[in-house]
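Colleague: In case you want the letters, here they are:
Protein chains: 8
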Amino acid sequence: MRSEKLIQKVLRGVRNEKIGLAKASDILKGLPSLDLEFANIDCGRYARCGFPEVIYCEGKTVGQIRRIAKEMFTNEGLLLLTRLSAPAYRSLKKTFPLLRYNKLGRVAYYTKKKPQIKNEKAVLIITGGTSDIPVAEEARATLEMMGNKVNALYDVGVAGIHRLLNRMEHFDGAGVIIVIAGMEGALASVVGGLVSKPIIAVPTSCGYGANFKGIAPLLTMLNSCAPGVAVVNIDNGFGAAYMANLINNSG
Amino acid sequence: MRSEKLIQKVLRGVRNEKIGLAKASDILKGLPSLDLEFANIDCGRYARCGFPEVIYCEGKTVGQIRRIAKEMFTNEGLLLLTRLSAPAYRSLKKTFPLLRYNKLGRVAYYTKKKPQIKNEKAVLIITGGTSDIPVAEEARATLEMMGNKVNALYDVGVAGIHRLLNRMEHFDGAGVIIVIAGMEGALASVVGGLVSKPIIAVPTSCGYGANFKGIAPLLTMLNSCAPGVAVVNIDNGFGAAYMANLINNSG
Amino acid sequence: MRSEKLIQKVLRGVRNEKIGLAKASDILKGLPSLDLEFANIDCGRYARCGFPEVIYCEGKTVGQIRRIAKEMFTNEGLLLLTRLSAPAYRSLKKTFPLLRYNKLGRVAYYTKKKPQIKNEKAVLIITGGTSDIPVAEEARATLEMMGNKVNALYDVGVAGIHRLLNRMEHFDGAGVIIVIAGMEGALASVVGGLVSKPIIAVPTSCGYGANFKGIAPLLTMLNSCAPGVAVVNIDNGFGAAYMANLINNSG
Amino acid sequence: MRSEKLIQKVLRGVRNEKIGLAKASDILKGLPSLDLEFANIDCGRYARCGFPEVIYCEGKTVGQIRRIAKEMFTNEGLLLLTRLSAPAYRSLKKTFPLLRYNKLGRVAYYTKKKPQIKNEKAVLIITGGTSDIPVAEEARATLEMMGNKVNALYDVGVAGIHRLLNRMEHFDGAGVIIVIAGMEGALASVVGGLVSKPIIAVPTSCGYGANFKGIAPLLTMLNSCAPGVAVVNIDNGFGAAYMANLINNSG
Amino acid sequence: MRSEKLIQKVLRGVRNEKIGLAKASDILKGLPSLDLEFANIDCGRYARCGFPEVIYCEGKTVGQIRRIAKEMFTNEGLLLLTRLSAPAYRSLKKTFPLLRYNKLGRVAYYTKKKPQIKNEKAVLIITGGTSDIPVAEEARATLEMMGNKVNALYDVGVAGIHRLLNRMEHFDGAGVIIVIAGMEGALASVVGGLVSKPIIAVPTSCGYGANFKGIAPLLTMLNSCAPGVAVVNIDNGFGAAYMANLINNSG
Amino acid sequence: MRSEKLIQKVLRGVRNEKIGLAKASDILKGLPSLDLEFANIDCGRYARCGFPEVIYCEGKTVGQIRRIAKEMFTNEGLLLLTRLSAPAYRSLKKTFPLLRYNKLGRVAYYTKKKPQIKNEKAVLIITGGTSDIPVAEEARATLEMMGNKVNALYDVGVAGIHRLLNRMEHFDGAGVIIVIAGMEGALASVVGGLVSKPIIAVPTSCGYGANFKGIAPLLTMLNSCAPGVAVVNIDNGFGAAYMANLINNSG
Amino acid sequence: MRSEKLIQKVLRGVRNEKIGLAKASDILKGLPSLDLEFANIDCGRYARCGFPEVIYCEGKTVGQIRRIAKEMFTNEGLLLLTRLSAPAYRSLKKTFPLLRYNKLGRVAYYTKKKPQIKNEKAVLIITGGTSDIPVAEEARATLEMMGNKVNALYDVGVAGIHRLLNRMEHFDGAGVIIVIAGMEGALASVVGGLVSKPIIAVPTSCGYGANFKGIAPLLTMLNSCAPGVAVVNIDNGFGAAYMANLINNSG
Amino acid sequence: MRSEKLIQKVLRGVRNEKIGLAKASDILKGLPSLDLEFANIDCGRYARCGFPEVIYCEGKTVGQIRRIAKEMFTNEGLLLLTRLSAPAYRSLKKTFPLLRYNKLGRVAYYTKKKPQIKNEKAVLIITGGTSDIPVAEEARATLEMMGNKVNALYDVGVAGIHRLLNRMEHFDGAGVIIVIAGMEGALASVVGGLVSKPIIAVPTSCGYGANFKGIAPLLTMLNSCAPGVAVVNIDNGFGAAYMANLINNSG
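Protein chains in written order, with our numbering: chain A, 3 to 253; chain B, 3 to 253; chain C, 3 to 253; chain D, 3 to 253; chain E, 3 to 253; chain F, 3 to 253; chain G, 3 to 253; chain H, 3 to 253.
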């Protein structure tokens, strides 16, 4: 039985007082995980965390991805695949003809129902440079699928800070801001000093030499002299989006 | 003139249509900073970021702290001092008799008006061990002063994970969760897999050997296999609280 | 003369009191190493350590591997080759038609006699994710060849910890547990807090960004707040299996 | 009610078939943790892991230690305190007159019943130098309290390897070997090549310059070219002993 | 013979054509160094590099400093002592009554003739915070002694960037800018994007946790996305000043 | 409207007193940035920093580079492209037939008017070895395009220091020196002890083993015992040239 | 004029008292370096250091190598090329038909006169494993060309230390020992404790995981608890040989 | 029986053909180590390595040092104690009235017979700065006790390289050179390019900021572009001296 339907059945049972609260909770939390040969799908994630498991495709064969995706879609009615290569997408498209793909962000998704915008406030995504855009697009696709308005300001790094200052009106409608920057990553501190919104900072591995594949902006963002900045892993656009969605819809 | 009063005057001018919106914004954003001999107080922080500048006391003399505090209090009507030693607190107490001190968290604060709880949802603070409590108390004092309900679960690390599982009802009333852990910092991932709330993770420098003064839990938290976790600097209880307040009151 | 036969001869001599204990020990420990052009095979390893030398294939040509394997097999009657590529395996198969290959774990082995299960207790292998399976299979093949029962729980990481908690009955029959995890590696601490069995933890290089090719889970596991956890090198499935076998059969 | 007595009661219930197995297990695993103001004592550790929680004293005041110790002793009937300073020991001695102290290892312990030797096989502790002895003594005291025979070979590092080779008879009676070394930590590899016993390696922070407070021997031990070696945290004598006890008594 | 007088004599010889150019150069470059018991004073530094050797006092006794200072002063007619503690200064003051001391910067200096301002353009020193001021004062004292105008903007970090933007007129009169910042060090990139002047960036060890004693701002500054920024060692106010003086007077 | 023409118009307006100074400055600093789909060209860089934005080509497609280059050239009348591969250059050449390419330095540039030498003093570029030449050529091309005389001494590292000492006459005509070295990077300290000119040091990733891709010479140069040395990022020939140009033309 | 002939002419001049000692020394030390387009050959190296410059081929084109080699051979009458690929060797062979190549060590050399053994004592090269042999062969070829007897013990690492102990007679005839090891590098300490000969230790990048491309054995060797061990760069077989030759022929 | 006398007896036995060579070797190598409570003195070190064990005093109590020293002196007739504090020296002096102490180098030594100079060639010790002298004196005292001539050039770092070039005649009489430098450690490369003698390089922890307690000069020395340089641990003056003595007396 599919988890969505089970959940509805349980909830109806609760409304009708046929299922006690404690028991309902037990059922929901105890949703059996699905044991494939090589993966153990967490079917209770939706009940527990509000969003089903996401398929991280790096290091999996197309065959493995397809098999996990089938089970996930059967159970949850929606799919989110990250770090998916274009050839793998084209192959999966045959099984899921409606699967959509964000090529720059290497994210594919498919939902039975069109995502509903849950909040008038947007998530604003800002990048320091052009090379940070793939990480930004991974975040954008994830956020849109989760039902968020998304605005973006790309390539507005501190070397030409007026590009940012001239566009400060974009800050007003935002509930959360995601700042994505490589090289030295100073953009997060600067934005943090200008607004009173929670900022998720994503260091990227763009840069060379003493950038050390993202360590430099990672340290910069962790040490931000402006408060209101929290950091996710290097190049982790999905993680920033997931966190931003939790915040934007926590009200 | 004090910034709070100025702000009110400007806002009244706006309501009466005596001050245009653009001009009002300019005034508010252009609040002059106050130039002491050794510090340059950012008087526009409240207007821009919703909270006045905080005084980080490490490396400042009691004389410097007192002088900055006087100016801040005159302008903003509230004070928050972090990393304040007990002797320095006792000395400042003579100038600010109502200053309150959280000894474990080494935080002092004073507000003219009692902070109003702005949100029914609490911020839940969880620590892995007993040694993480000072960082947790720094966060708690900051949050309370900013008008948040705070709940705490101390010493519930993963070595005895039932201590956490038995108290999962605390998760329900929380709008944000702060997870504070040293040693290997695994607690953030575990909590991240159990709830659908934004989690702010704080690595601490508690531990020895390969803990490397907090690097081990920092890396653990950045790599959390559960999404919905963002990280602040090592031992940065204040930073976690500031971020949590922004999130909790962003609705 | 082959080391196995020599060992038997020496042991018979000891039983018949034809060889003194001291002398027997000297012979066994002094087994000459075999000097090939490019390798110096340690023929006394079996006598000294209970298992013959293992052939680590990375960086060796198929020709070198074949030559060492021939000598080893002639002397010891069994073969274990780790980090062996599939093409190299296919080539060796011509020389050793009965050689078996674990493709995921990249391990090949061949024993004259089928390995005898020496202990009713199993070794339980647990992985955090799907990408950790190759390391787990390297461990599994090594353990089976050494005569251990092996059970496995794959993809039960802490992001969905109920997948682990639901399967705790697997812990009961295990004498030793191997925990294999990449990303942040929190699984070892969690398991360590749940059981009273020795745990061998293997960090893997699966992950990205601040995972730093396995440094993050390595530090996590070394700092485990739960005791009863010891760590081997990153991705070292063979090393974990070797250690687990020593423990499982030490009774 | 004390956990030991509860356990006996539950076990009698099981024997009399008054308590089902599943329920008994639930009771044992669900032993409530004890919530002090600053600590959350894990009272189920004995049932779950075979040994009660250990009190790590670094960073705790004597008052905190005493309060935790009282609760622990009341519940479990035994006490193990690690990283305990001599003055703190003298103060605690007034409350627990029978508390014994290993000064070098900074470990104190007290058991109602004298520990029973559970296994004829000893744990052999080897150190590279004189400066590694405090870590060794932390391990020795822990092991003795847990009911193990302990033998020791101190200061037999590889700079004079005959000191080790001359004493190889000590290896024979050992079920597990703990190798403790600072500087470059080569001793673990050398011992690993000589015996067929599980080896727990403990890097120490003894050394200077490029020793980097234990990083050098830590890396050496993780990369040991001899298999059968697993590693615990730098200077973690207690952790090595805990693991060795699990192994020695796992048969 | 004192190096200054020797230099004048040589130069007169050149003017009178009594000393050939090549020989004069040889004499000047070959000025004998002065061999004390524990130091080897480089008496040719003035001729070669335009400024005599500077006495770095950390790790030297007051006796050693005094002896080197006497020789230096006799030869060069000026003295610059860096990292000089206040007690050492008070002791040296007895020997050099006119020695001046910058207490915050821990720099002492004495010149026979008052330094002449060599250039109308000032060196502008900017710090991110109050804790960076000691490094700034080390730079300021060095620059003034070398004959530069110095302006300073302290505590104008990016958390309140308007403090900097409001004072941009200070940039106009500057020939070189020194940017000193701890925490994340983003200030250098921001200034680099606003002006067309050479910027010397000095990371400071102010900060905590992932600041790693200045590594975070060091990496930030090396990776500055704005060009025109070069970096000196952590906390090296003297080095920045020396470089700035070379640039300011290179025209 | 092109930024150059706008600037001229504004300046004429200032001369004719038709535009006030404040307003002129506002116009110049507020030059709108140009928003392409994937980049946000900073059109005010020339007015603010004296040189237009430079196109860093690594990680951009030829299509993106061409589009940015067209806009830049239309606005600024000059082009500088760094880290440009030879195939990308050949493709761009079709659009910009006069584009010149420095193959070793992977730099292309095109200026409507031939660069005017602005200063009689040259920039001297010194490399330690042959492998450092690509970085040196990146610097040389940048400097020449910016209107500087350039001299070069290649392969004069400290292993044969007479190669440097024999050519010290090259130092005399230089206003700034760029020292480029890999391996251990000692050349910067040696040159710093010989001259009184500002030195920009560039560590390169040439070397192996403990060179760690440029970390060794980076640390060497930051710790230079000779003052007057400031450092840019590893392999950053462009950055060194940009800084050297600012210094050379700051008089 | 070729440096060898010049040297002979100078020496004859000295013998005939036609050239004073000081002048002779000046000439020899001042041998002009040879300025190619891309390299600056140090022709005085032989006079100064006893061996001409060696051509490190990594990162040079075959054309560059050939041109440098021609000049070197014309001047010095001998050639040593390290890190030379097999294809590059085959191409150079057409120009230098007598060039010999050590394929494993990737070293080519050619001397007009056959190297004379200068010392009865050999240099003994020991490796821990088979994968260390390329580094060992680089050392062997270098040593032989410089006129040293070379003995070798390959694959005698500490996992089977009897392989080393059984061959200790090889130590007797050696004047210097080169120990080459990857993984954990413990072999250097063990050999250092067994002999009274100078030991040059070479860490190699052979290993995986926490070997960190040679950092683990590098730290091991620097921290050797046995004295008499000095270390060269990771994988630097040539450097070890050069040092060993200096020592072996220093008597 | 004392090892020295035993050695003589064995050697006489060999001369008289009363003891076979193999047996003599066995006796000499098998000299029993002396088992104190806390140390295991290696009495065969003299026979095996040509010098008795040295007492490293850091981390030992005066009582432990005294007890080891007594045994050592009784057996070997000579004593070398490194890292010995002045108070500990004064206390030991009562037991060994003839013990001599090098205060700067913190080395004490005592030999029954005055050390004989074994070689006309000196060991030359060079330091970069004044702060490196304690490490140099540790080396000097060790070398003198082992019977070497020692020359020293202190404070001749590359910031004033003529101080070194002016003293190159000191190089001629040296058999080995020890180069000791902190900060960036460039001195080793420079000396390596000037002479044909083996160089032992010692990085020191003198410096600040990016010196990282000696890592900077350590990397510099390992990457030396001049061959003929091998490196010992940071601040390890004794290790350098031990190695230099082996080389100087290896002829």
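Don't read these hints as lab results, they were simulated from the structure. Don't take each hint at face value.
As the list claims (entries may be wrong) - Simulated DEER-style distance windows between Cβ atoms: (1) Glu73/A to Leu38/D: 41 to 47 Å; (2) Gly65/E to Lys114/G: 45 to 51 Å; (3) Arg92/A to Glu171/B: 46 to 52 Å; (4) Glu171/B to Pro99/D: 40 to 46 Å; (5) Arg102/C to Glu60/A: 49 to 55 Å; (6) Met170/H to Ile119/F: 39 to 45 Å; (7) Lys120/A to Thr76/D: 34 to 40 Å; (8) Arg92/A to Gly149/F: 50 to 56 Å.
Heads up, the beta-carbon is just placed ideally off N, CA and C, and yes, glycines get one too.
Colleague: For each hint given before, does the structure comply? Return the numbers of the non-compliant ones in rising order.
Modeller: Violated: hints 2, 5 and 7.
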